[in-house]
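**Student:** Below, each chain spelled out in residue letters.
Protein chains: 2
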Amino acid sequence: MEGEPTLRLRIFDLNCWAIRYLSKRRQERVRLIGDTLRQEGFDLVLLQEVWSEQDYSDLKVKLAGCYPFSHYFRSGVIGSGLCVFSRFPILDTLLYQYSLNGYPYMLQHGDWFCGKSVGLVIIKISGITFNVYVTHLHAEYCREKDTYLPHRLVQAWELAQFIRHTSKAADVVLLGGDLNMHPEDVGIRLLRGWTGLRDAFAEATHFEGCKNGCTLVPDNCFTDNSELLPFPLGIRIDYILYKAISSFTVKCEELKTTTGPAPGMDIPFSDHEAVMATLHIQRQGQPVGATLGTADLALADVVTEARTEVGVGLRAAQRQRYSSGRMAVLALLLLLLQAAAALGTLAGLGTEQPFPKLSFCLLAFLALGVLVLAAALHVFHTMEVKVLHGTEDQMWMALRALQERP
Amino acid sequence: MEGEPTLRLRIFDLNCWAIRYLSKRRQERVRLIGDTLRQEGFDLVLLQEVWSEQDYSDLKVKLAGCYPFSHYFRSGVIGSGLCVFSRFPILDTLLYQYSLNGYPYMLQHGDWFCGKSVGLVIIKISGITFNVYVTHLHAEYCREKDTYLPHRLVQAWELAQFIRHTSKAADVVLLGGDLNMHPEDVGIRLLRGWTGLRDAFAEATHFEGCKNGCTLVPDNCFTDNSELLPFPLGIRIDYILYKAISSFTVKCEELKTTTGPAPGMDIPFSDHEAVMATLHIQRQGQPVGATLGTADLALADVVTEARTEVGVGLRAAQRQRYSSGRMAVLALLLLLLQAAAALGTLAGLGTEQPFPKLSFCLLAFLALGVLVLAAALHVFHTMEVKVLHGTEDQMWMALRALQERP
Chain A
1 MEGEPTLRLR IFDLNCWAIR YLSKRRQERV RLIGDTLRQE GFDLVLLQEV
51 WSEQDYSDLK VKLAGCYPFS HYFRSGVIGS GLCVFSRFPI LDTLLYQYSL
101 NGYPYMLQHG DWFCGKSVGL VIIKISGITF NVYVTHLHAE YCREKDTYLP
151 HRLVQAWELA QFIRHTSKAA DVVLLGGDLN MHPEDVGIRL LRGWTGLRDA
201 FAEATHFEGC KNGCTLVPDN CFTDNSELLP FPLGIRIDYI LYKAISSFTV
251 KCEELKTTTG PAPGMDIPFS DHEAVMATLH IQRQGQPVGA TLGTADLALA
301 DVVTEARTEV GVGLRAAQRQ RYSSGRMAVL ALLLLLLQAA AALGTLAGLG
351 TEQPFPKLSF CLLAFLALGV LVLAAALHVF HTMEVKVLHG TEDQMWMALR
401 ALQERP
Chain B
1 MEGEPTLRLR IFDLNCWAIR YLSKRRQERV RLIGDTLRQE GFDLVLLQEV
51 WSEQDYSDLK VKLAGCYPFS HYFRSGVIGS GLCVFSRFPI LDTLLYQYSL
101 NGYPYMLQHG DWFCGKSVGL VIIKISGITF NVYVTHLHAE YCREKDTYLP
151 HRLVQAWELA QFIRHTSKAA DVVLLGGDLN MHPEDVGIRL LRGWTGLRDA
201 FAEATHFEGC KNGCTLVPDN CFTDNSELLP FPLGIRIDYI LYKAISSFTV
251 KCEELKTTTG PAPGMDIPFS DHEAVMATLH IQRQGQPVGA TLGTADLALA
301 DVVTEARTEV GVGLRAAQRQ RYSSGRMAVL ALLLLLLQAA AALGTLAGLG
351 TEQPFPKLSF CLLAFLALGV LVLAAALHVF HTMEVKVLHG TEDQMWMALR
401 ALQERP
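Chains A and B are the protein sequences, given in the same order.
By full-length UniProt numbering, the letter at position 304 of the first sequence is numbered 304, and the numbering carries on one by one without gaps.
By full-length UniProt numbering, the letter at position 271 of the second sequence is numbered 271, and the numbering carries on one by one without gaps.
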C-alpha cells in the first residue's frame with residue numbers, strides 16, 4: 001500500500017449482539033465472526049455489543065496475527081460494548097460517554113447500564129492520519145411513541161460535537177456503528193449536517209447486499225419479525241460514514257452488507273447485518289474546506305427541528321422532576337406525621353386504645369422506601385434537565401453561528 | 001490590539017465559593033466580584049463554583065457591557081459551577097464530564113452531585129485561535145489519607161487527554177481552574193507533562209500576591225485555618241496554565257493573586273484567592289512542536305506513578321464492589337428464608353405458636369432496604385472499576401508510546 005498514490009481501505013462494521021446469558025448462540029457466533037475476520041483480512045474492524053470482556057479477549061487472541069492492534073472501551077456497568085481491531089498501529093484513544101442514556105429504572109431496556117459512548121482511535125497509514133470513531137446510540141423501542149428520542153438526539157449532538165472538536169488534526173474521519181436511527185431521521189441529518197460526514201451507502205459506486213442497505217432484515221433468523229411489520233424490507237440503522245478534512249478525497253468504491261446467514265453457515269453473525277466498505281483515499285492538490293456541507297442553509301432547519309425535540313424532552317424531564325420531588329415531600333410529611341403520632345403515644349396520649357404497631361411500622365417503612373426512591377428519581381431527573389437544557393443552549397449557539405455566517 | 005505584533009491578554013481566574021444557602025455572604029461577594037470585573041476590564045474571566053444559575057445571570061447582566069460573550073456549563077445535579085466571560089466572541093463550546101467524581105453516598109462532601117467537568121470555549125483574537133479550558137477537580141478532604149486520590153488522578157488524566165485531543169487546531173491553549181492539587185502533586189505533574197502546559201506562576205517575569213502564589217491562605221477570613229495547620233503559608237491549588245501550539249510563543253509577563261480582603265473592602269471575593277495573569281502572545285517564524293515537553297524522559301516515571309495510584313484505587317473499588325455484592329446476596333437469602341417461613345405458616349405449619357407479625361415485617365423491610373442499597377452500591381462500584389481499569393489501560397498505552405519514541 002505504501003508509496004501508492006491511492007490508499008485502499010477495507011472496513012468491517014457489526015453490532016455483534018453478544019450479551020452474556022441473553023443472546024442466542026453467542027459463543028458460536030463470536031467464533032464465526034473471528035474466523036471470518038481472519039479469513040477476509042479487513043484493514044479495520046469496528047464492533048459493537050461485545051459486552052463480555054472474555055469474548056473480546058478470545059477475539060484478540062484469534063485475530064492477533066492479522067489484526068495486531070486492538071482496543072476495548074470500558075464504561076458503564078456492563079461496558080460500552082465497543083471495540084476496534086486494526087491492521088495498523090493505534091496511536092491514541094479517547095472515550096466520551098454520552099451525558100444521557102435512558103433511565104436506570106427501565107431495567108427491561110437496560111441501555112442505561114451499558115454506558116453508551118463514542119470511542120476514538122487514531123491511526124496513521126502511509127502518512128495519512130485517520131480519526132476512527134465507533135459508537136452505539138440508545139435503542140428505539142417504539143417508533144410511534146419514542147420516549148427516548150430526546151436522549152438519542154442529545155447523543156447524536158454530542159457525537160457530532162465530539163467529532164468536530166477532536167478531528168481537527170485528522171486527514172480522514174471514519175465513523176462506524178449502530179446509530180439506531182433510520183437514514184431520514186432528524187438525528188442522522190443533524191449528525192451528517194453538523195460534521196459534514198458522508199454516508200457510505202449513499203455514495204458507494206457499487207453496492208451488494210440487502211435491499212436499501214438494510215441491516216435489520218426479516219431474513220435474519222434472530223430478528224423479531226413482529227418489530228419489522230411496518231418495514232417489510234427491513235431498516236437501515238448501522239452505518240459507515242466518512243469525510244476527508246485536509247487535502248484528501250475519500251470515495252466509497254464498494255459497500256456490502258451480509259444477507260442473513262453467514263456465507264456457508266446456517267446462522268448469521270448477529271441479529272444485525274454487517275456493513276463492509278471499501279474506501280479509496282487519495283491526496284489532491286487543493287485542500288478541501290473543513291466545513292464542507294456544514295454551511296448548508298438546510299442545516300439550520302435540521303438544528304431547529306432537533307432543538308424542538310430536545311425541548312419536548314426537557315419539558316417531560318421537568319415534569320418528572322417535579323412529580324418525583326412532590327412525591328418525596330409527601331413521603332417526608334407522612335414520616336413526620338408518624339413521628340408526631342409515635343411521640344404522642346410515648347407521652348401517654350391516646351392510651352385508651354391499643355397502639356397498632358404492625359400497621360404503623362409497615363406504613364413507616366413504606367413511606368421511607370417511597371422517600372428514598374422519589375429522592376433518587378428527583379436527583380436523576382434534575383441531571384437529565386441540566387443536560388437537556390445545556391444541549392438546547394448549545395444548539396441555539398450553533399443556530400446563531402449558522403445564521404451569522406455570510 | 002488588532003494589527004500589533006504582540007497580543008497582550010489579561011486573564012482572571014477564581015473559585016467563587018458561591019453555594020446557595022451554604023456560602024457566607026454569597027450575594028454580597030458575587031456583587032463585589034461583578035463590580036471588580038467591570039472596573040478592571042480583563043479579556044477573559046474563568047470562574048468556578050458559580051453554582052446558582054441566578055448568580056450567573058446577575059453577573060451576565062452586570063458584565064454585558066465589558067464582557068459581551070459568556071457561557072455557563074450545565075452538568076450534574078447542582079451544576080458544574082463553571083462559567084466563562086469574554087471580551088471576544090465565543091465561537092464554540094464543549095463540555096466533558098469526568099467519568100469519576102466521588103461517591104453519591106458521601107453527602108457531606110457532595111462533589112458527586114456537582115458533576116465535575118472541564119468546559120472548553122474557543123475564541124479567536126486577531127486571527128489567533130485560543131482553546132480556553134476551565135475546570136474544577138475533586139476536592140481533597142484529608143491529605144494524609146486521601147481516598148479520592150485515584151478519582152482526582154482519573155480526572156487529571158481525562159483533562160490532559162481531552163486537552164490533547166481537542167486542541168490540535170488551536171494556536172494557544174489556556175487552562176484555568178481549581179485543580180485541588182499542590183504544585184508538586186503527581187496529578188499536576190501528569191497534567192503538565194502529558195499536555196506540555198506551563199505554569200503561569202513558575203514562568204511569570206513579575207509576581208505580586210500571596211507568598212509562593214498560594215490561593216488558600218490563612219489571611220482569608222473565610223478559610224478554615226485548622227485545615228491549613230500543616231501549611232502555615234497556605235497552599236496553591238488554583239492555576240493558570242498555558243502553551244503555544246503552532247507558530248506562536250506565549251510568555252507570562254505578570255502574575256498576581258489577591259491577598260485576602262478585596263481592595264478597599266472588608267471581605268475577600270471568596271475563600272480562594274483570585275489568580276490574574278497577563279500573557280504576551282507573539283507569532284514567531286519557526287513552528288513550535290506540538291509535543292513540547294511531552295517527550296521528557298521523566299514523564300514516563302510520572303505516568304507510572306499515577307498508574308500505580310490508579311491501581312490502588314482499582315483494588316479498593318474491586319473490594320467495595322465485592323462486599324456490596326455479598327451484602328446484596330445475603331439480604332436476598334434472608335428475604336427468601338422469610339418467604340419460606342411465611343409460606344410454611346400459611347400452609348399450617350407451626351400453628352401452635354403465634355406468628356410474630358411485627359418483627360417479621362420489620363426484618364423483611366430491613367432486608368429489602370439492605371438489598372436495594374447494596375445492589376445500588378454494587379452497580380456504582382462496578383462502574384468505578386470499569387473507569388479505573390480503562391484509565392489504567394490508557395496509561396499503559398501512553399507508557400508504551402513514550403518508551404517506543406526514539
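The reader is advised that the hints may include incorrect statements.
For identical chains, the list gives no copy identity; a pair is met inside one copy or between any two copies.
[To be verified] Using 20 Å as the maximum straight-line C-alpha spacing, the simulated EDC-like pairs for lysine to aspartate or glutamate come out as follows:
#, residue 1, residue 2
1, K211, D146
2, K60, D393
3, K256, E404
4, K357, E144
5, K211, E254
Derived by calculation from the structure, the hints in this document are not laboratory data.
Computed from a prediction, not measured in an experiment: that's the story for all the values here.
**Student:** Each of the hints needs a verdict: does it hold here or not?
**Tutor:** Here's how the hints hold up against the structure:
1. K211 with D146: neither (26 Å within a copy, 59 Å between copies)
2. K60 with D393: between (42 Å within a copy, 15 Å between copies)
3. K256 with E404: neither (41 Å within a copy, 38 Å between copies)
4. K357 with E144: Neither. Shortest intra-copy (49 Å) and inter-copy (48 Å) distances fail the 20 Å Cα cut-off.
5. K211 with E254: For K211 and E254, the Cα distance is within 20 Å only inside one copy (15 Å; across copies 66 Å).
Hint violations for this structure: numbers 1, 3, 4, all remaining hints satisfied.
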